[in-house]
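Listed below, chain by chain, are the residues.
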Amino acid sequence: MKKKELLKGLWSQHPIYRQLLGMCPTLAVTTTAINGIAMGLAVIFVLFFSEFVVASIKRIVPHQVRIAVYTVIIATFVTIVDIFLKAQFPQISKNLGPYVPLIIVNCIILGRCEAFASKNKLSNSLLDALGMGVGFCWGLFVLGSIRELLGAGEILGQRLLPLNFDPLVVMILPAGAFLVLGFLVALMNQVERWKI
Amino acid sequence: MKQIFKICAVLTSICAICAFLLALTHNAAIGKIEENQKKAIQESINKLAPKTTRQEKIKVNNTLLWKLYKDNALIGYAAIASGQGYGGEIEIMTVTGPKLEKIKGIEIIKSNETPGLGSKISQKPFKAQFENLDVTTPITYSKTEPKKPGQIQTITGATISSKSVVEILNKKIKALRVNIQ
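Heads up: the sequence lines are chains A and B, in that order. Going by this note's numbering, the first sequence wraps up at 196, each residue one higher than the last. Going by this note's numbering, the second sequence wraps up at 181, each residue one higher than the last.
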């Protein structure tokens with residue numbers, strides 16, 4: 001087990017801000033901070049179990065059909081999450097709507113299965129899944145918080161800006177997602193440059 | 001040739017295992033999910049018509065309708081109105097007065113509207129506009145403060161979602177008028 005497999009997803013190889021993976025859910029669900037967290041948690045679960053299964057069966061999967069196999073495994077776990085949320089947390093399931101089934105096409109999960117879990121030891125794959133999942137989750141939370149703050153004056157439903165602040169509706173719209181993401185990626189790049 | 005058989009065997013067994021797992025989860029959860037849906041419908045009726053002491057569920061022209069009574073006096077009807085919104089189907093629980101002269105309130109049961117914009121149709125400021133709304137004539141909408149009775153204000157940036165709710169309700173009330181006769 002290597003500690004760096006866990007830590008790399010949190011900062012140096014951050015899935016959103018350094019690898020620019022999983023852009024579709026990143027841009028779509030981050031209209032509020034709470035949606036970002038819920039999506040992040042669902043992705044941590046799916047990523048962890050998918051990497052676990054992929055790393056366990058990597059020796060028996062023929063090379064030609066590995067992507068198909070990974071997709072079936074990912075889809076299974078996503079559907080389990082979807083059913084579980086509908087049964088136990090109907091309110092959260094209602095809020096996230098169609099975005100839970102769409103985790104299947106989140107390229108972070110397929111990307112990590114293909115690029116990491118299929119080539120590395122099981123223990124390292126699990127650390128990689130946790131690191132990348134938590135990294136994705138905080139990335140969504142930060143993006144969601146900034147958009148919610150500027151677009152509605154609130155974070156997690158708490159009013160933070162004065163009431164006379166006129167919300168910038170564009171921040172909730174897709175254009176706002178691209179703007180905030182662009183600034184955050186630029187900021188991350190600048191921080192990395194300062195380190196050198 | 002041998003390779004092809006190996007591929008088939010691996011793919012088939014993985015799909016079979018996944019299908020088995022999904023069937024298991026589905027079976028374990030389906031009862032709870034249906035219960036949740038029924039509960040959501042019941043809760044929305046209770047919220048919109050808290051004075052109801054007795055309900056009667058009837059089926060007219062293949063649509064469900066709840067007759068709401070308070071001490072044997074009919075106080076209104078509850079029905080689920082559904083139709084196309086901006087991002088998919090919208091389902092609205094509507095409670096009306098006994099003569100369909102006004103809406104007592106609405107609850108959004110299901111919607112896939114844009115989070116942060118169209119999704120505001122399920123929030124209080126928008127829903128509250130429908131409380132005790134006059135529906136003797138079809139509901140109208142305006143982008144500014146409503147001036148006439150039976151008019152509501154659309155949500156900024158979500159005109160289509162707001163418009164859809166109004167149209168779905170108008171259609172349902174028209175159908176209800178026929179059904180309760």
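These are computed hints drawn from the structure, not numbers from a lab. Computed from a predicted model, the values in this text were never measured in an experiment. Any given hint might turn out to be false.
Computed beta-carbon distance windows for the label pairs [said to hold, decoys possible]:
| # | chain 1 | residue 1 | chain 2 | residue 2 | range |
| --- | --- | --- | --- | --- | --- |
| 1 | A | Met23 | B | Thr159 | 24 to 34 Å |
| 2 | A | Trp138 | B | Ala73 | 51 to 61 Å |
| 3 | B | Lys59 | A | Pro162 | 32 to 42 Å |
| 4 | B | Ile30 | A | Phe178 | 53 to 63 Å |
| 5 | A | Phe165 | B | Ala73 | 41 to 51 Å |
| 6 | B | Ala16 | A | Leu122 | 41 to 51 Å |
Cross-link-like lysine-lysine pairs, in silico, DSS-like; alpha carbons within 25 Å at most [stated by the list, open to error]:
| # | chain 1 | residue 1 | chain 2 | residue 2 |
| --- | --- | --- | --- | --- |
| 7 | B | Lys124 | B | Lys143 |
| 8 | A | Lys58 | B | Lys174 |
| 9 | A | Lys86 | B | Lys39 |
| 10 | A | Lys94 | B | Lys2 |
| 11 | B | Lys2 | B | Lys38 |
| 12 | B | Lys143 | B | Lys57 |
| 13 | B | Lys163 | A | Lys94 |
| 14 | B | Lys110 | A | Lys86 |
| 15 | B | Lys148 | B | Lys172 |
| 16 | B | Lys47 | B | Lys110 |
| 17 | A | Lys86 | B | Lys47 |
| 18 | A | Lys94 | B | Lys127 |
| 19 | A | Lys119 | B | Lys6 |
| 20 | A | Lys86 | B | Lys163 |
| 21 | B | Lys2 | A | Lys58 |
| 22 | B | Lys6 | A | Lys121 |
| 23 | A | Lys94 | B | Lys174 |
Each residue gets a CB set at the ideal place from its N, CA and C atoms; glycine is no exception.
Here is what the structure says about each hint:
At roughly 28 Å, the beta-carbon separation of A:Met23 and B:Thr159 lies within the given 24 to 34 Å, and the hint holds. A hinted range of 51 to 61 Å holds for the C-beta pair A:Trp138 and B:Ala73, which are about 57 Å apart. For the pair B:Lys59 and A:Pro162, the beta carbons lie near 53 Å from each other, so the given range of 32 to 42 Å is not met. For the hinted restraint 53 to 63 Å between B:Ile30 and A:Phe178, the CB-CB distance of approximately 40 Å leaves it violated.
At roughly 49 Å, the beta carbons of A:Phe165 and B:Ala73 sit within the given window of 41 to 51 Å. A beta carbon spacing of about 23 Å between B:Ala16 and A:Leu122 contradicts the range 41 to 51 Å that was offered as a hint. Annotation: proposed proximity of B:Lys124 to B:Lys143 holds, straight-line Cα distance about 18 Å (limit 25 Å). For the proposed pair A:Lys58 and B:Lys174, the alpha carbon gap of about 60 Å is over 25 Å, so the pair is violated.
For the proposed pair A:Lys86 and B:Lys39, the alpha carbon gap of about 13 Å is at most 25 Å, so the pair holds. For the hint linking A:Lys94 to B:Lys2, the alpha-carbon distance of about 48 Å lies beyond 25 Å, and the restraint is violated. The hinted pair formed by B:Lys2 and B:Lys38 fails the criterion: a straight-line CA distance of about 53 Å is larger than 25 Å. Proposed proximity of B:Lys143 and B:Lys57 is contradicted: the alpha carbons are some 37 Å apart, above 25 Å.
Pair hint B:Lys163 plus A:Lys94 holds up; C-alpha atoms about 21 Å apart against a cutoff of 25 Å. For the hint pairing B:Lys110 with A:Lys86, the CA-to-CA distance comes to about 13 Å; that is within 25 Å, so the pair holds. Distance hint between B:Lys148 and B:Lys172 is fulfilled; the C-alpha atoms sit about 21 Å from each other, no more than 25 Å. For the suggested pair B:Lys47 and B:Lys110, the alpha carbons sit about 16 Å apart, so the restraint of at most 25 Å is met.
At most 25 Å may separate the alpha-carbon atoms for a hinted pair to count; A:Lys86 and B:Lys47 meet this at roughly 22 Å. Distance hint between A:Lys94 and B:Lys127 is fulfilled; the C-alpha atoms sit about 17 Å from each other, no more than 25 Å. Distance restraint check for A:Lys119 and B:Lys6: the Cα-Cα separation of roughly 20 Å lies within the 25 Å cut-off, and the hinted pair is therefore satisfied. For the suggested pair A:Lys86 and B:Lys163, the alpha carbons sit about 28 Å apart, so the restraint of at most 25 Å is broken.
Note on B:Lys2 and A:Lys58: the hinted pairing holds, with a Cα-Cα distance of about 19 Å set against a maximum of 25 Å. For the proposed pair B:Lys6 and A:Lys121, the alpha carbon gap of about 24 Å is at most 25 Å, so the pair holds. Between A:Lys94 and B:Lys174 the CA atoms are separated by roughly 29 Å; this puts the pair beyond 25 Å, and the hint is violated.
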